[in-house]
Amino acid sequence: MYVNRRAPYGTIYALECLEVVLVAAAFDQDVSVVFLDDGVCQLKKNQDTTGIGMKNFSKTYGALDDYDVEKIYVEKESLDARGLTADDLVIPVEVLPADDLREVMAQQDVVISS
Amino acid sequence: MKFGILVNEGPFTHQASDSAYRFTAAALAKGHEIYRVFFYNDGVYNGNKLLEPQSDDRNLVTLWSTLGKEHGIDLVVCVAAALRRGIEDEILQEGFRISGLGQMVEAGIQADRLVVFGD
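Just so you know, the sequences run in chain order A and B.
For the first sequence, this note's numbering gives the first residue as 564, with consecutive numbering after it.
For the second sequence, this note's numbering gives the first residue as 695, with consecutive numbering after it.
Just chain B, same shape as in the assembly (with noise of 0.2 Å):
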């Protein structure tokens, strides 16, 4: 199947991301496909470099990035809601983009299913 993830809040606070990120690569280790990850909402966090989680802690923004390089995924970071956080593109992690929300539209469109994680 092919999915479309949307995260929609930020990583430590809530568990959006976590479950978002573990459904994703289960989804991967299975033979799915995923078309697109659209972070919007706080979800936009997740794309931030400048995150120092404790060593001993998991640090999603390179967990996505990682993945998203292993498998080639799209990551998209909503314009608009990341000009509103401070996140631009000198602050975003490799494998990040930033694009609009018609981005989330589409995924919505050519995915079997949008799966939404927030709070």
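If we strip away everything but chain A, and leave its shape as in the complex, we get (with noise of 0.2 Å):
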């Protein structure tokens, strides 16, 4: 399982996390991702970077379905903070509670935050 908990620029983590995720998942490794906090960020639709000059990656998260990563988790706390949704993320996700969250991080054999 890999975390995502920060905004998706400003530092390079997001984008580096991305990455190895999809390598991850082409060696056939059972891939679960986790959006909480800014991470949340990361997945929102209509993202402009033009201002500052840096790649848009956005649309990259799709690819997760072509690698079959469908495990996504987004907290629902993180989303209802920042005043957002399912609906404007770029991917469909399955929004979880903190606590339900936990749950599903105890039982990974290796977790993997960013």
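Bear in mind the hints are in silico, worked out from the structure with no lab data behind them.
Below, simulated DSBU-like cross-link-like pairs (lysine-lysine); rule was C-alpha separation at most 35 Å, straight line:
#1 607/A x 622/A
#2 696/B x 634/A
#3 634/A x 618/A
#4 618/A x 743/B
#5 696/B x 724/B
#6 639/A x 608/A
If you're wondering where the values come from, they're calculated on a predicted model, not measured in any experiment.
Relying on the hints, combine the two individually framed chains into one complex.
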């Protein structure tokens, strides 16, 4: 499981985490991805990076489905705190409250946060 | 226990590499095995031999290198993250090697615990 907690731009963590998720999936691992805190903004629709001169990689999240990464979780509290819903996101996700997410995390063999 | 170590920050700005180094040394001292140390994100800077900290400060690049040589640890720098930051074989500290993200995935599979050190 890969845990994304940071905004998509400003640091490179989001992009490099997406890269490693796709590689892990290519290695036939049972990969799941979590977005929480500012990490939920990584999935926001209609991103426009022209003003900051950075590559808009939000479309790449659509490749997760091609790599059979289907377990994509977003923390409900993080969405609520930012006025977002699942409809605002670029890919279909499972929205889970923190308590449920904690249980899913506890079941993982490896959790890598970014 | 067999540990994999993931280092996601470079030396100095963050404590992650110091903590990872101390954890690794302590685990070895207790008789544990280190399957691999993988450097990702700015962690790839830990393999840059051009770093020259002041002489009265620690040098994590040589500390990792020495620890790796003493215990035969596999110190792997991610190729994609490294090239993005100008880390190539010519400036790679002895004892490190550059390889792909698959090595990180493998460490997660082979080790009993993969311990992540980041900010």
